[in-house]
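**Student:** Residues per chain, in single letters:
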Amino acid sequence: MRGFWFLLVLVSLDFWRHPVSTELPVDVRVPRSHLGAVKEYLHAHSIPFTVMIDDVQELLDQEKAEMRENLIRERNTRNFNFAAYHPLETIYSWMDTLVAQHPNLVTKLEIGRSYENRPMYVLKFSTGGTNRPAIWMDLGIHSREWVSQATGVWTANKIATDYGTDASLTSVLNTMDIYMLIVANPDGYVFSHTNDRMWRKTRSPNSGSLCVGVDPNRNWDAGFGGPGSSTSPCSDAYRGPFAHSEIEVKNIVNLVQSHGNFKSFISVHAYSQLLMYPYGYTCKSAADQAELDYVARAAVQKLTSLYGTTYKVGNICNIIYQASGGSIDWSYDVGIKYSFAFELRDTGWYGFILPANQIIPTASETWLALKHIMEYVRDHPY
Amino acid sequence: MGLRRAIVLFALMEVTWSLSVTTIGPETVSTDASAHPEPAEENTEQKEAAEEDVMATGELNPNHYPAQRAAKVVQHYLNLRHGSPYKLFGLKEVHSGNAEEVADSGRKYQLEISVHEIISNTKEKCSAEVFFPSGAKQLSPQVQVSSCEEILKLDAKSEEEALYQQYKTNKTVCTEKRLPDSYGHVDPEMTPFWHLSIVASSFIMLKESTENTLYNMAQVANITQLATENDQLKFDCHVLLHDMVSQEIPQWKLLFTWSPAEGVKVLHTEQLPHIHQSEKQAKPN
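Chains as they are written, first to last, in the working numbering: chain A, 175 to 556; chain B, 262 to 546.
Worth flagging that the hints you see were computed from the coordinates, not collected in a lab. In this text, a Cβ means the ideal position worked out from N, Cα and C, and glycines have one as well. Zero decoy hints are in this set.
Between beta-carbon pairs, the in silico distance windows are:
{"id": "1", "chain 1": "B", "residue 1": "K386", "chain 2": "A", "residue 2": "A464", "range": "23 to 33 Å"}
{"id": "2", "chain 1": "B", "residue 1": "P394", "chain 2": "A", "residue 2": "S345", "range": "53 to 63 Å"}
{"id": "3", "chain 1": "A", "residue 1": "V508", "chain 2": "B", "residue 2": "P534", "range": "36 to 46 Å"}
No more than 20 Å apart at the CA atoms, straight line, and that leaves these computed lysine to aspartate or glutamate pairs for EDC-like:
{"id": "4", "chain 1": "B", "residue 1": "K414", "chain 2": "B", "residue 2": "E385"}
{"id": "5", "chain 1": "B", "residue 1": "K432", "chain 2": "B", "residue 2": "E450"}
{"id": "6", "chain 1": "B", "residue 1": "K514", "chain 2": "A", "residue 2": "D370"}
{"id": "7", "chain 1": "A", "residue 1": "K458", "chain 2": "B", "residue 2": "E320"}
{"id": "8", "chain 1": "B", "residue 1": "K369", "chain 2": "B", "residue 2": "E320"}
{"id": "9", "chain 1": "B", "residue 1": "K514", "chain 2": "B", "residue 2": "D504"}
{"id": "10", "chain 1": "B", "residue 1": "K369", "chain 2": "B", "residue 2": "E390"}
{"id": "11", "chain 1": "B", "residue 1": "K438", "chain 2": "A", "residue 2": "D370"}
{"id": "12", "chain 1": "B", "residue 1": "K514", "chain 2": "B", "residue 2": "E469"}
Build out the structure end to end from the sequences listed, making use of the hints.
**Tutor:** In structure tokens form, the structure reads like this:
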């Protein structure tokens, strides 16, 4: 033992488990420069050893990088500016931080690509189960309606952070999943940042025309081609050459159909302050109109309770206009009973260009309505 | 010679905080918590096919689009007649409406509405009549408003006068900046001119309104002040309108004058052609 202590003094070994008695093992960190000498000594004195860690520095470097990454992630979700309009890349990278922050609740699914090959990401909120009954939300299908995408970002964060503390939301998520497509029209959204703030449609070219894009909310297979959509490619309400011609629409249709267990379908638009239910393609009442109206009115009461913002309720055809090929008409007609469309703030002053300081108030009040709908869907399985 | 301690693990903490993100706290937006009555009237039976051709007649559901579109026309009328950089009207609510055919000449709506003066945040109930003439040549709707005196008498004279004096001789407005910009922002100094553009746009929105349109001004592309003429401030502006029904963004150029005494007078209007997307240059806005 005396020799060993001598060696220790000479080499300044760093004991991670100090020598206590001859029966107990000892852990030592050996500087690289002395590795050879130490090994030789141990062999010479028949002291058995194993190498536990080959390169401590490597481990430390890895850990350092991980910690830095985690700090950035934490800062990102805590400090993300929900009261601002962000470009697509920022929203997409924020999605990753949300998933990283809440890995047991949130996953990101790529449901397909846009015309210009941008990924379309759905955030899935799930506490388990297999193919649970689910709630669908799409936002920003009309790209110029920026408060819609911004509301989606805030709402996704709200769901992730309130799960476990908000009793009602927690109970919804304990039996149902929520799927949220925050940017349903990524090409249009990018175009509204780079070229034309008032761009509404997709960015697919139209053969035989200089005009680009199809109105994705006239392109669904629900009364497609009927009154309330245009046959002109230059129109902002152009229906497209055929139903589901737009890949952005087809991606959603594919997901919903293959999932097969959606119980509610909510499309979020702006502006006008409306909460509507089917139909748009006809002014005839939907079979469930009375119930949908009842749910919507109660949801709007909750919304109004926050800041006094007033909303009108009714079916699309009566409230704004007859419009064919709309998303919630399609979802309703494929059997998703609780189909609703929001038109968020305001009523025309700022219109599409709602000041960023209204994002959080808008999202907050809308959240109360959304929660009401989700609770109702939870309590009325079918 | 002491034991050399292990590597200081916590040199890791020297992470540079290079992100600078400002978090803006939520701001309460107070809007009028007005009572919103349940629609008292029954829906009139509305034919399903060719919806737009067969318009509702008789007692109207005030929350449905026929009454709402007619009421919006009243907003444009009030803004054109009585609006200023410091006085703007919005349609708050439709309480009741009635529509009737006027033999061979058009359709007339009678409305009970609440009008809201935005800047002073005052509300008043008004009665209004809107007549949409029929015929091949599209004529402007005609509007009459009654029992709305208080809100129209609202006084913004001192601010209007101050602005008028400032820009009559000293300063000049000229901006290529859009109002609002893409993020909803308007410089405080430009706000009166944003309002003035809304008033001037109301001339077009009123003129172009039919039972199949619902106009709002979406954005001012630019506004330039020209030389004062006959004691009127004179402006040239380019505006983007939004028609909710077609979802189109018609663009118009307007030449107009304003003074506190005379209000807005539109001298000349020109609709700009619908620009095909491929012909538009990339222009961040």
